[in-house]
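Undergrad: Listed below are the residues making up each chain.
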Amino acid sequence: MKTSELIAALAADPIPEPVDMGRRFAVALALGIVGALALYALFVGPRPDLAAALRTVRFNLKFLDAIALALPSLMLLWRLARPDARSGALALFLFAPLILLAVAVAVELMVVPSDQWLQRLIGQNMLYCTTMIPMMATPILAALIFAMRAGAPQHPGWTGALAGAASAGIAAFLYATHCPDDSPLFVATWYPIATLVCAGVGALAGWRYLVW
Amino acid sequence: MSAPLVESPPDDPWSKMMEAAIAGDEGVYRRLLEEISRSVRAMARAAFARARVGDADVEDAVQETLLAIHLKRHTWDPAQKLGPWVNAIARHKIIDAMRRRGARRSEPIEDFENFLAAPEEEDPHALSDAKRLMQALSPRQRDIVQSISLDGQSIAATAARLSMSEVAVRVALHRALKSLGAAWRRSVA
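Chains R and B, in that order, give the protein sequences.
When we follow the working numbering, the leftmost residue of the first sequence carries the number 1, and every step to the right adds one.
When we follow the working numbering, the leftmost residue of the second sequence carries the number 1001, and every step to the right adds one.
The following block holds chain R by itself, in its conformation from the complex (with noise of 0.2 Å):
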């Protein structure tokens, strides 16, 4: 086929695509939290003592950390929709939980006696914090996938590690009115893993889905 006849091709095609990035960015990512709502709902549910919970610092420092997450992750992502993008100084705020978890540590360890460190650290639940933060992460990654293929992002792996990321900050916040551990030390550990998870999963979902 030559050019000139690929373009009238296209030129006899103007039904205008019925896409708004926009609309479809924020319905997916509302359907995605339905989704990990509901298998928050089934599989994890509050905390017994949450009421008690939020009067401390460590715990809501975790919701926190969680926004710090979700929030720069999902608006960078909004923006490499677009194949002229550039991630500019937003990308400086994914930077934002690393720093605010490695403060919270640094004071931990100076407000908390070593002998209890590892204790801390370990906690009660980081099997279930690392497979139930993947988990609830699943269907909003699934969802941000989805809206993001009708997009044009010019790095497919790095767009979709960067939902993932995004997932998990949202998954993150909801994982975190149930899990008994609020100390930085676990925090700042098993977190991250989980996120580092959601992210590799995302970059393959990235490549797998959102080449054009």
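Please keep in mind that the hints were generated in silico from the structure rather than gathered at the bench.
Beta carbons: idealized from backbone N, C-alpha and C, even for Gly.
Treat each hint with caution, since some may be false.
Said to hold, decoys possible - Label-pair ranges, simulated between beta-carbon atoms:
#, chain 1, residue 1, chain 2, residue 2, range
1, R, 209, B, 1101, 24 to 32 Å
2, R, 211, B, 1054, 20 to 28 Å
3, B, 1101, R, 41, 49 to 57 Å
4, B, 1050, R, 211, 20 to 28 Å
5, B, 1099, R, 111, 48 to 56 Å
Stated by the list, open to error - Sample of chain R residues with no beta-carbon within 12 Å of chain B, all distances over it, derived:
#, residue
6, 11
7, 19
8, 75
9, 109
10, 120
Fit chain B to the given chain R structure using the hints.
TA: Below, chain B without anything else, positioned relative to chain R:
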């Protein structure tokens, strides 16, 4: 005085043409795609030459770029210029095409805006993958694409010949172009 909430579209001929095309002006769309193809062809030829891969696949890169522009129109933000968006897509597709030829991505690819002064015409002898990829379409789809692209028939004439409604022909053409894009992707993988 508060700043305006929405930036007016930049005064850029391509952006205006694309807006008209999205609004349904076939003639303008065809002219826009022709202009883009000339610039992208020059951009691809320069990139291929610099990476020292033969330019046998230049036309594939041009066609893939045009198809991607068509299928990803909705990712263009009308508040931005069209040029950088086209450039990003062309760069993506040129790199794909060069990788297929075994070239490493080491040489920078110049923006096509540097080639605007020297647009190039299609090499009439270049054979492209598109013809081979047409085999991925269903017979009906192939018939419609060929009728409109190769034979230059109108949608109306094609619809009459196949005794289909014009809308059905448009939908079938649209699906065919999407499958063509998917077949292209598979051939890259």
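Undergrad: Which hints, by number, does the structure contradict?
TA: Violated: hints 6, 7.
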